[in-house]
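Q: Dock chain L against the given chain G, drawing on the hints supplied.
Chain by chain, the residues run as shown.
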Amino acid sequence: MSPTQLGLGILWPAFWTGLPIKLAFVLLFLALGMVHFETRIGLAFLMLLTSPVTVFALPTIILGLESHIGEGVGIALLFLLAIPIDIWALGVVGRTFFLERLRREPPEGLGLTLWWKCALVGAVFLPVLWVAVSATTQASISGVHSMFEMEFLKFVPVAEKISIELVLWGTVATGVLLLLLVAGLSLVGRMIRGTVESARPASESYQGLITRWDLMRVPLDQGLMLTALTGGAVVLSLLFWSSLPVFTPHPHECCKKPEAKAAPAFKPLETLNKDEKLLAQLAAQVELLEKQQAEAELEKEKSKGKGKAGKDAVKAPAATAPVPPAAMKP
Amino acid sequence: MSHTPSTSTEATILEKVIDFVDERVGLKLLAAKMLNEPVPGGSRWAYVFGSVLLFIFIMQAVTGVLLMFYYVPTADHAYASTQYILHDVDYGWFLLSYHFWGSTAMVVCVFAHMSQVFLWGAYKKPRELIWLVGLALFGIVMGFGFTGYLLPWDQRAYWATTVGVEIMDKTPLFGDFMARFLKGGATPGQMTLSRFFVIHVMVLPAALMGLAGLHLFLFRSAGPAGPFRGTPEELKAKTDYFFPRQIWKDIVGMAAVFACICALAFWEPVVLLEEATPDPGDYHPEPEWYFLFLFQLLRLKMFSGEFGQFVGAMALPGAFMALLAALPFIDRDPERNIFKRPIALIGWVVVMAAILIFTISAIINREFLD
Chain G
1 MSPTQLGLGI LWPAFWTGLP IKLAFVLLFL ALGMVHFETR IGLAFLMLLT
51 SPVTVFALPT IILGLESHIG EGVGIALLFL LAIPIDIWAL GVVGRTFFLE
101 RLRREPPEGL GLTLWWKCAL VGAVFLPVLW VAVSATTQAS ISGVHSMFEM
151 EFLKFVPVAE KISIELVLWG TVATGVLLLL LVAGLSLVGR MIRGTVESAR
201 PASESYQGLI TRWDLMRVPL DQGLMLTALT GGAVVLSLLF WSSLPVFTPH
251 PHECCKKPEA KAAPAFKPLE TLNKDEKLLA QLAAQVELLE KQQAEAELEK
301 EKSKGKGKAG KDAVKAPAAT APVPPAAMKP
Chain L
1 MSHTPSTSTE ATILEKVIDF VDERVGLKLL AAKMLNEPVP GGSRWAYVFG
51 SVLLFIFIMQ AVTGVLLMFY YVPTADHAYA STQYILHDVD YGWFLLSYHF
101 WGSTAMVVCV FAHMSQVFLW GAYKKPRELI WLVGLALFGI VMGFGFTGYL
151 LPWDQRAYWA TTVGVEIMDK TPLFGDFMAR FLKGGATPGQ MTLSRFFVIH
201 VMVLPAALMG LAGLHLFLFR SAGPAGPFRG TPEELKAKTD YFFPRQIWKD
251 IVGMAAVFAC ICALAFWEPV VLLEEATPDP GDYHPEPEWY FLFLFQLLRL
301 KMFSGEFGQF VGAMALPGAF MALLAALPFI DRDPERNIFK RPIALIGWVV
351 VMAAILIFTI SAIINREFLD
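Protein chains in written order, with the numbering used here: chain G, 1 to 330; chain L, 1 to 370.
If you're looking for bench data, these hints aren't it; they were derived computationally from the structure. Do not rely on the hints blindly, as some may be mistaken.
Stated by the list, open to error - Below, computed lysine to any residue pairings styled on SDA-like, alpha-carbon distance capped at 25 Å:
{"id": "1", "chain 1": "L", "residue 1": "K249", "chain 2": "G", "residue 2": "A228"}
{"id": "2", "chain 1": "L", "residue 1": "K238", "chain 2": "G", "residue 2": "K277"}
{"id": "3", "chain 1": "L", "residue 1": "K238", "chain 2": "G", "residue 2": "I210"}
{"id": "4", "chain 1": "L", "residue 1": "K124", "chain 2": "L", "residue 2": "M34"}
{"id": "5", "chain 1": "L", "residue 1": "K170", "chain 2": "L", "residue 2": "E286"}
{"id": "6", "chain 1": "L", "residue 1": "K33", "chain 2": "G", "residue 2": "L226"}
{"id": "7", "chain 1": "G", "residue 1": "K277", "chain 2": "G", "residue 2": "L289"}
{"id": "8", "chain 1": "L", "residue 1": "K249", "chain 2": "L", "residue 2": "L214"}
{"id": "9", "chain 1": "L", "residue 1": "K249", "chain 2": "L", "residue 2": "G41"}
{"id": "10", "chain 1": "L", "residue 1": "K238", "chain 2": "G", "residue 2": "T96"}
{"id": "11", "chain 1": "L", "residue 1": "K249", "chain 2": "G", "residue 2": "W88"}
{"id": "12", "chain 1": "L", "residue 1": "K238", "chain 2": "G", "residue 2": "Q5"}
Only chain L is shown next, with the shape it has when bound in the complex:
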């Protein structure tokens, strides 16, 4: 009678489960494709923003779902339920503050990611579609910020939304329709809150997930662009797979962003103003900080009057976004080194400086209003 000796090569339960799944969905091939992507020139810290954005979105979804357990999206109860989250729910203050600062981190990382792609010249052929989908994702992130701001239903939320919808109203052709659709009445009320809530928790997350998937698919199809300078010998010598070094850097990036968001939640926890009313009283309405530069721009004399407001609020930002969308088709020069693309470099510096100057100006302007 012979016995088959048990050897160390015998599959464990975990391996059997993996084999079971692999046989049905091709898990190992998928993992190999995802992890063994070559990164030209090796892993870099500059490449972490895409993964960090995905991480922030997941955390926003998790904290958002937890907040929804307590939040009531009605004009009568939105404010009280948010106050309840802040003052009565265990760790509610931290969840809400994390969610609030997470949205800020998302905007900052989107700017950083877009800047990196722009400066690295990674929008050029054959990556035009990745850039276009990325621009749409940028719009969605801004939409998240805009719709989420109203939900606490305090004075800040109410008036920021009123100002934002008024700006939207200035768009020719569909501006009036969009403004009426979002407000759902003459002044922001229950219909506005319901619509913003549905857009914030259903429409935008679905759109973001779909577009982020497409963005990743296009990125994997075209492959990473790699650094914009370096000799072929250097690039070849340093080329590495996505796993483990880039994944390690991504994880460290995520941990750092998580720590920053938590630290901000501690330093400046969310505090609500008075409940929303149609009378601003002494409160000077202003939008969230990432729209402040545009708000300050509209205060300039040259943008006063009906036409000026339209130019400042809609025509200029619209033209800028159109330019960004057309960029890969206008800039056909294969040169990617930013130091050999002076117009691109100067343009980026000017745009960033303008955003910074007008944002700080808006903050200084508060003193004059008070």
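Bound conformation, chain G alone:
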């Protein structure tokens, strides 16, 4: 089995095994107002829930690279709680993986061994991945944008341009991300390989192996397990419902989202009446101004010469007489 397959074979099911328990805590912390996520919720969730590899990497990324996924004491608390959950999940997954896929006897303390190895690789590798993928994405976006600024590509319509740009920079960014993820999984696999090689091969037949593997997934004391789970679920549910805000919770200062705005409500009759009044007022003002202007000109002409001034003064208002607004017509 290749190191990449080994890394993926352990990390993928371990992520899903720990996920429901961590989700329950995330939900509780959200209800208690202890966690506030920024708009990049998908990223925040992923980082928090893949904690076997992000437990040391995320603080490095937040502090060292000044990235921000949210606020609240719940984020740190979640990481602390995630440590035992991950050790347990890696232990369950690791034991079954060793027996069923590798056909080897799982060594003692496998969960803890796998956890510190994964956490170590994550702490070194994830910040590198973060920087590399961010830089590649930024570079490819600006490269593609400048390409479409060229004269001979300006004819491309907006919708087509958006999709083509997205495909171009998205392919580059996704390619780099996938390559680095494979490299990271391979690193995890290489770290684990030593533990695999030191484990002794299982001696039973395949059927016997599967029976052991199957029983390994079932708790020894099922009654106790069921009672503990039910009790835990009841306590978490009570805590959740008692802490759930009665009215919409206000977003934290750090994580306010831009408000969606729509045009004010359009009420045809009111708008029409308002416009009619406004037009009538404006028409009256125009009429008054013109009258004043005409009177002023008449006064001026009178002072120059009576005969000619009188004729012009009669003509002027008639030429600029206000047209009644369309809205005022029946």
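A: Frame of chain G; chain L shown alone:
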């Protein structure tokens, strides 16, 4: 005088009640049939989507009924009653936000379930009918999303519906009738709201319950398909009953989805825009996110004009759905391993990538409109 000693084998009240019901409806046989279904190759996380969908539907029904206690389906009061639910009813914001995000979760899980069935080759003989009923259920889920979107009666709801009905109008033969029937007038109004409400709370739930029952019956008749690879020895060794392992996985899946929906309700609670009016003002109408890819597709130059819009809005999606319906009858090769079905694998990747690209493009396109 002899007394019959009371022994531990004496039936308890609960057992007596169960026996009473069992004698009349065959409860124990039914439970045995439901729970002791063999799952070839054993339980898997990939099989949880069907049960999760059923769970989401039940939760949508429960939250929907609770919302109906306060919601008034009239053009005059729909908006105000929704605002009342959001701001005045205790936990109303959470109920409405859960219902809103539940519909999104339902669409996501339908896509996941259909993808799993497609990739596992589980639509092939003898499971063609399960696939066809599943496609009808997919249509119903989309219908739920479309009809439910109008009910808050804000600008977003009004204009998304207007755009959706206009797209429907382009269907040849019955498009005009469907559009007129749904709108009930020249512009969306009271008749539209009433019809959407009735379809959303009565017609679609009834259709979904009936078809979901048929889907389950057909699934139980044909049996689970099992994994698409593995030696016969491996499959035989791992084969297990539906209870307890698959049921346990289903419960965990349901709990995880419940937690995700609640978390989304916290992160992005429902906020209404202004009340619906026939003037969009500065608002740029767009449908719900799962129709965004189609909306963006229609913005492309090649789909402009009357004929182009018809091709993009109706002909292409219609042809795609027809292809999906015909799939079990076209693809008769018994091979189920997706890695030995390159056309199916490439086709799935292309469709998913296209949906993703056009959805993100539609989101980026908003900046150009603003």
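Q: All the hints need checking, so say for each whether the structure fits it.
A: Hint by hint, here is what the structure shows:
Only pairs whose Cα atoms come within 25 Å are accepted, and K249(L) paired with A228(G) is accepted, the gap being roughly 17 Å. Proposed proximity of K238(L) and K277(G) is contradicted: the alpha carbons are some 83 Å apart, above 25 Å. Proposed proximity of K238(L) and I210(G) is supported: the alpha carbons are some 7 Å apart, at most 25 Å. Of the supplied pair hints, the one linking K124(L) and M34(L) holds, its CA atoms being roughly 23 Å apart against a limit of 25 Å.
For a cut-off of 25 Å, the pair hint linking K170(L) to E286(L) stands: about 17 Å separates their Cα positions. Under the criterion of a C-alpha separation no larger than 25 Å, the hint pairing K33(L) with L226(G) is consistent with the structure, at around 24 Å. With a C-alpha separation of about 18 Å, the suggested pair K277(G) and L289(G) falls inside the 25 Å cut-off, and the hint holds. Among the hinted pairs, K249(L) with L214(L) is consistent with the structure: their alpha-carbon atoms are about 23 Å apart, no more than 25 Å.
For the hint pairing K249(L) with G41(L), the CA-to-CA distance comes to about 15 Å; that is within 25 Å, so the pair holds. Proximity of K238(L) to T96(G) is assessed by CA-CA distance (about 13 Å); at most 25 Å being required, the pair is judged to hold. Proposed proximity of K249(L) and W88(G) is supported: the alpha carbons are some 18 Å apart, at most 25 Å. For the proposed pair K238(L) and Q5(G), the alpha carbon gap of about 22 Å is at most 25 Å, so the pair holds.
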